[in-house]
Every structure is written in structure tokens, then in C-alpha cells.
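Participant: The chain contents come next:
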Amino acid sequence: MTTLGQQLLRRKPTTPPAANEAHLKRSIGLFSLTMIGVGGTLGTGIFTVLSSSVPIAGPAIVISFIIGGIVAGLTALCYAEMAGAVPVSGSTYSYAYATLGEAPAMGVGACLLLEYGVSTAAVAVGWSQYVNQLLLNLFGWQIPTALSQSPEEGGVINIPAIIVIVLCGLLLIRGASESTTVNSIMVVVKIGVILFFCAVAVTGWNADHFADFAPHGIQGIVGGAGIIFFSFVGLDAVSTAGEEAKNPKRNLPLAIIIALLIIITIYVITCVTAIGAQAPAKFDGQEAGLSAILQNILHSSWPGTVVAIGAIISIFSVTLVCLYGQTRILFAMSRDGMIPAIFERVNPRTMTPVQGTVIVMVVTGILAAFVPLNFLYEMTSIGTLVAFLVVSVGVIILRVREPDLERGFKLPFGWLIPILSIVGCLLVISQLRLITIAVFVIWTAVFLVFYFFYGRKRSVLQTGHVVDAGIDVPYTSNVRQLEDER
Amino acid sequence: MTVLVGVSPGRRSAAVVQLGELLARSLGMDLVIAAVTPRSWPPSARPVDTEWLEYADASANVVLDHAAAMLAGDVKATFVVHGASSARRGILELVEKHDARLIVLGSSTAGQIGRVSVGSEADGLLHASPVPVAIAPRGYRVGKGARVTRITAAYSGSESSADLVIAAAGIAAAGGGALRLASFAVLPPAPMTAGVGANAEDQIRDEWARRMREDAAALLHEVAELPHTPASTDAVVGTGESWSAAMDDVEWAANDVLVVGSSSLGPLARVFVGSHAAKVVRHSPVPVVVVPRGRAEVLAARAEAG
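Chains A and B supply the protein sequences, listed in that same order. In this text, residue positions in the first sequence follow the numbering used here: the first is 1, and each later residue adds one. In this text, residue positions in the second sequence follow the numbering used here: the first is 1, and each later residue adds one.
A couple of the hints might just be wrong.
[Said to hold, decoys possible] Interface residues of chain A toward chain B, partial, derived using beta-carbon atoms under 10 Å:
(1) Ile28
(2) Gly29
(3) Leu30
(4) Phe31
(5) Met35
(6) Gly40
(7) Thr41
(8) Ile173
(9) Gly175
(10) Gly234
(11) Ala241
(12) Glu243
(13) Cys322
(14) Gln326
(15) Ala332
By construction, these hints were calculated from the structure, which means they are not laboratory data. For every residue, glycine included, the Cβ atom is placed at its ideal position computed from N, Cα and C.
Given these sequences and hints, build the entire structure.
Facilitator: Below is the structure:
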């Protein structure tokens with residue numbers, strides 16, 4: 001019998017990477033890799049996040065974006081080392097399971113439900129704002145507040161947000177997927193819309209809006225970073241695509257840095273022009289922010305309509321991808337025996353996990369319908385930050401435990417980058433609202449208790465029912481050993 | 001009982017004749033090779049019409065002569081020129097007249113060499129035929145005296161597809177051939193921006209393949225209890241990022257025939273090809289036989305009765 005400690009820290013054995021030769025083609029070049037980073041990140045937050053973050057930080061929100069970007073970049077680099085060291089494919093959950101053990105992996109799983117599930121709800125709420133704006137501009141009518149707002153914001157239920165989640169869910173059930181080509185097109189749409197916004201907004205420039213640059217000081221800046229961190233979610237996609245990258249040692253870090261620079265530049269330009277066009281005091285509670293700003297300065301509705309259409313298209317694709325990621329993470333957890341098997345049922349005709357998708361659709365739909373946007377942002381931010389924190393800690397643990405491991409990519413400057421990344425994550429987390437941190441701790445605790453009574457006993461590592469690994473896979477070590485290479 | 005081969009007047013095709021002979025030989029049936037020529041409407045004896053009809057008959061006979069030369073000669077064959085208002089109607093009339101159990105057609109010339117390509121006439125017959133329709137890939141050739149060595153039944157996991165497997169087992173047993181169950185899945189590449197890895201779909205594919213293999217094993221167990229069993233049975237799963245990749249994922253032998261069931265949505269007695277089945281047909285590297293659902297049920301019942 002294994003002891004409790006062994007159970008909680010047992011690691012999932014990794015299958016040899018050569019198991020599937022179809023995926024050994026290294027086909028993604030630096031450009032596509034960068035596009036994956038930009039496409040995965042851009043569009044999650046920038047369309048809506050200003051209205052909740054500018055009131056906290058003031059015009060200094062620009063600095064918040066830079067801080068958020070640096071923290072995201074550091075963690076993404078740690079992510080890249082982790083992804084290159086562990087021959088498993090998948091999300092942070094898979095990496096944590098292979099390196100840190102089962103209980104930490106479940107903790108990460110709890111974070112990922114926030115990073116994906118809650119962010120699906122958050123982007124869906126943002127989508128509903130732009131849909132309403134578009135309806136108003138085109139038909140002079142919009143969905144009544146009662147049916148387009150969460151209860152805390154004066155409504156009853158947010159119907160458009162439910163609609164977008166259901167649409168995306170149905171597409172996923174049918175087996176739709178966003179290809180690399182579609183992603184590149186979406187990147188062009190997103191950048192195009194944002195640049196259009198900047199070009200128009202700059203015509204309403206008023207430097208006086210920057211007079212009181214940081215009304216709430218450093219605390220306001222870091223607090224703002226906590227909210228806007230949400231808009232950097234997705235940068236880690238570069239690392240998970242790393243296994244298909246050409247020359248990953250060079251291209252992976254380069255792609256992360258280039259993508260990050262592009263994103264930070266776009267965000268900073270957007271913030272600067274937005275604040276230049278509209279006094280910071282007016283941001284509070286503004287809906288469909290980028291559209292509304294243009295309409296206020298131009299007194300004409302067409303630029304707002306253009307931005308709204310662009311936002312609707314790009315947020316839709318983000319919702320689809322988030323929802324997709326969530327179903328696949330749950331699928332992986334279910335295959336490991338951590339959560340009920342309903343999440344791993346594949347419909348033989350559509351070849352998609354239909355039941356799992358429906359459950360995710362319902363839960364995220366409820367969140368989007370009834371929970372205020374601010375809270376959704378913060379929950380996503382904290383979930384992502386903690387998941388990133390775990391990865392950074394994992395990099396250090398892995399270096400101590402397996403120093404000779406063959407890594408696809410190793411961070412320079414020793415432990416500096418992982419430690420900076422940990423400090424950065426902790427700093428941003430410390431400035432989130434107490435309620436957010438409390439809800440997060442409770443949620444993770446509930447998830448771990450569930451694991452203790454459910455997953456711990458049903459784990460595939462416990463029951464020995466290995467679904468896809470070969471018979472001879474060792475259970476003791478889970479990472480490629482140098483002996484195996486020879 | 002005959003196998004009806006439809007050749008197109010004016011275009012010689014060795015593929016369809018050779019497939020027809022292979023199937024007739026394997027099924028122990030006679031061969032009827034028919035060219036359907038157009039009739040003028042309204043019927044008239046104006047010189048221009050007569051000339052045209054004479055020309056059509058002559059070119060039909062050229063094709064039939066060519067077909068006769070292509071035959072190995074060990075199967076009794078009848079050659080027919082049949083006039084009808086449309087090729088599809090003509091073929092259906094001939095099915096009744098000659099008690100045909102199978103229609104054999106060629107691929108359209110628009111297709112790729114070595115693949116099945118459904119032309120307009122074949123497409124029409126796929127939607128209207130009461131008997132199975134076989135389609136030869138472009139450029140299909142058969143060795144002299146060859147028989148069908150293996151029937152590959154496309155299996156989707158549905159009830160009607162199980163009937164098809166039993167029916168195929170009965171035919172394979174009668175002809176002394178092997179039976180293989182094949183399931184095909186197309187999985188798009190995972191969206192990279194989701195951050196769940198490039199291989200996120202692999203686990204879905206593995207789970208799907210596992211279920212398919214389980215279902216197929218259960219079905220093969222049923223097949224093993226039939227009064228007459230095929231020479232050997234096997235089940236394979238082919239996956240890929242496109243239909244042709246999925247179909248190339250499994251191994252194909254010479255003299256393989258792929259049997260596909262019609263959609264369970266269509267009318268009972270007619271062939272109505274479902275969206276997945278249609279794709280399997282269009283990307284097949286071996287001859288395809290599309291079996292109407294009602295026909296599959298009859299054949300399955302016969303196989304079970306022995």
C-alpha cells in the first residue's frame with residue numbers, strides 16, 4: 001500500500017515522445033509561433049477591461065499594462081522551459097502532474113477551471129456589451145437591461161452572453177476547430193480593429209486627461225495590473241505549441257518575447273489614445289468601451305459600429321477557443337481518473353466529448369448570466385496567476401530534482417527568471433481584492449477536498465488502469481532519463 | 001441473378017468492366033453489360049433524330065465490343081443496348097428486367113486516378129437504386145481470374161451499420177473471403193491558441209478508437225456465431241486530418257472491396273448516402289459498394305438464418 005504522501009505526490013509517467021510519428025513533424029516557424037501568441041492573447045481583455053481598470057489606476061493604467069506584460073512574459077518563459085523539459089503534451093495540468101505530483105496537479109486543475117471556464121464567461125459578457133452597442137447603432141434598439149446584465153449591475157440575466165456560449169458550444173459539439181490559418185486571419189481582424197480605434201481616438205486627443213497620472217499611487221497601479229492581467233491570458237499558448245516548433249531553442253523564447261512586445265505595444269497605444277480621448281473619470285462602468293469612446297468624441301456612430309463588429313467577431317473566436325481548451329483539460333483530467341468519466345465520453349459520430357461540452361457550456365453560461373464582469377476578471381486573473389506561479393516553482397523543483405534532464409530550452413541567468421516570475425505573480429495577487437482571494441482559496445480547497453475523496457482513490461495511477469500508456473512504462477520516474485537516450 | 005454493369009456509350013472504360021467481372025465471379029452471378037442510349041422525345045422518325053440514334057447505338061456498340069474484349073471470359077456475359085429517356089431510368093429498368101442484384105458503375109473522369117469519384121449518373125443512382133451500387137475507382141484493374149479476397153465493411157457504430165456488417169459477413173462467408181471492419185475518423189488539428197497543446201485531439205481520437213474497437217469486437221463476436229463465418233475477421237480504425245488521410249491510415253490490399261451502408265435517415269429501401277458515408281465513398285482507394293439500408297437488413301437476416 002502506498003502512503004498518503006506517496007499518493008498525493010505521485011507523478012504521472014510520461015510516454016515516449018516517439019509514440020506518435022504523425023505529430024513529430026516540426027512545422028511551426030517563428031512567424032506562426034508569434035501569431036499563436038498574439039492570437040491567443042489579443043482580444044481576451046482589451047475590448048472591455050479599461051472600464052474596470054482605469055478607475056483603479058487612473059492614466060497610470062499604462063504602467064499596469066507594462067507590469068502585467070512583464071509578469072506574463074516571465075511566466076511564459078518559465079512555461080517554455082517546463083514544456084521543453086517534460087515530454088508530455090497539454091496544459092499546465094499535464095506538466096504539473098508529470099513533475100510535481102497528483103495533488104499539486106489538482107490544485108492547478110482548480111486554477112485552470114478559472115483560467116478557462118471563468119474567462120469564457122468573462123469574454124462572453126464582454127461580447128454581450130458589444131452586441132448591445134451594435135444593435136443600438138444599427139437599429140436604435142437594444143436588449144433591455146433586465147435581459148442583458150447580471151443582477152449586481154441592475155439586470156436579471158445576461159441573455160446575449162448565454163447565446164454566445166451556447167453557439168460556441170454547439171460548434172464544438174459539431175467538431176469545429178480554429179485552424180492556424182483562421183487564427184492568423186483573426187489576428188489581422190483584431191489588430192486592424194484596435195489600430196482603427198487608435199487612429200480615430202487620437203483625433204480627440206486631450207493631454208489634460210493625463211494631468212492626475214497616478215491618483216491612487218503604486219497600489220493603484222499594481223491593483224490595476226491585477227485586473228488587466230486577464231488580458232495577457234493566452235500567452236502560454238506559445239509554449240504549448242513549442243513541441244511542433246522548428247528550432248524551439250531559438251524560436252520559442254524569441255516568439256514569446258516578440259509576441260509580448262507586440263501585445264504590450266498594442267495595449268499601451270490603446271490605453272494612451274483611449275485616455276487621451278476620454279477623461280479617466282468617465283471610464284467607470286462604461287459598456288462596450290472602445291465603441292462608446294469613439295462615438296462620444298466624433299458624435300457619429302459609424303466608427304463605433306466598425307469597432308463593435310470587429311469586437312464581436314474577435315471575442316467570438318476567443319470564446320470558442322477558451323471553451324475548447326476547457327473541455328480538453330477536463331477530458332485529460334477525466335482520463336486520469338480525477339473527475340467523473342462523463343467528461344471523457346466521445347460521441348462516435350461527431351468525435352467530440354459531447355456531454356463534457358454541454359456541462360461546461362451550462363456552467364459557464366450560468367456564470368456569464370449572473371456574475372458581474374469585474375469579479376469574473378479577477379477570478380480569471382488569480383487563477384491564471386496561481387497556475388503560472390506553480391509552473392515557475394515547478395521549473396525550480398525540476399532543476400533541483402533532475403539537473404541533467406535534456407531540456408528543449410533552458411532559461412539563462414540561473415534561477416533569476418523563475419524567481420522574478422514568482423515574485424511578480426505574488427505581487428500582483430497581493431493587490432487583488434480580499435474577496436477574490438478568499439473565493440479563490442475556498443474554491444481550490446473545495447476542489448482539493450473533492451480530489452481527496454474522489455480522485456485520490458480513482459486515479460488511474462491508483463487503480464492501475466492505464467488507458468493509453470504501454471505496459472512497461474515505469475511508475476517511479478516520469479521524465480526522460482539520460483540512460484534511456486543512450 | 002445478375003450483376004449489371006453500366007457503361008457509358010461513347011467512353012470506353014476497362015475499370016468498370018473489370019470490376020463487374022470480379023464481382024460477378026466472386027458472387028457466382030452472370031454479367032449483364034449495358035449501355036443506355038438516349039431516346040428522342042417526342043418519338044419521331046425525322047431523319048436528324050434517326051441519324052443521331054444510329055450514331056448513339058453505334059458508339060454504344062463500340063464500347064460494348066471493347067468491354068467484351070476486356071473480359072477474361074470465365075463469367076457468362078450478356079451485352080445490351082437499351083434505350084431510355086435517361087441513363088438512370090434505363091439502368092433501373094434493366095435492374096428489373098435482368099433481376100440484377102448489384103449495379104456496377106465507373107468513376108467520373110473528373111476524379112483522381114486511383115480514387116472513387118462519383119459522377120452525376122452514379123450520384124443519381126445512389127439516391128434511387130433499390131439494389132447495392134458498386135463504383136470502381138478511376139483506372140481500376142483486376143488480375144485475370146481474381147476474386148474478392150476481403151470485404152471491408154465501413155462501421156460507424158450505429159445500428160444500421162451493424163446490419164451492414166452482418167450482411168457483409170454473410171456475403172464474405174458465401175464467397176470464401178475475409179471480413180474486415182473499418183471505422184474512419186477525421187479530426188481537425190487542435191487550435192494552437194487554446195494552450196492545451198498540439199496533441200489535444202489525440203486523446204479524443206484514442207478514446208473514440210477505443211470505443212470503436214470495443215464495439216467492433218462485440219460485433220465480430222456476433223459474426224463468429226453466424227452459421228457460415230468468413231475466412232477471417234479483423235477490425236481497423238483509420239484516423240487523419242482529412243478523409244483521404246484517414247482512409248490511407250489503414251492498409252488496403254489488391255481485390256479489397258469497401259462496403260458502405262446508406263444513411264439511416266433515408267427511405268428504407270433506397271440508397272441515400274449520409275454525409276460521412278459520402279466522404280468515405282469519395283476518398284476510397286478501392287471499389288466501393290453502397291448498400292441500401294433495407295437491402296442490408298434483408299441480407300443480414302439471410303446471413304443469420306444461414
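Participant: What hints, given by number in increasing order, does this structure fail?
Facilitator: 2, 3, 4 and 8
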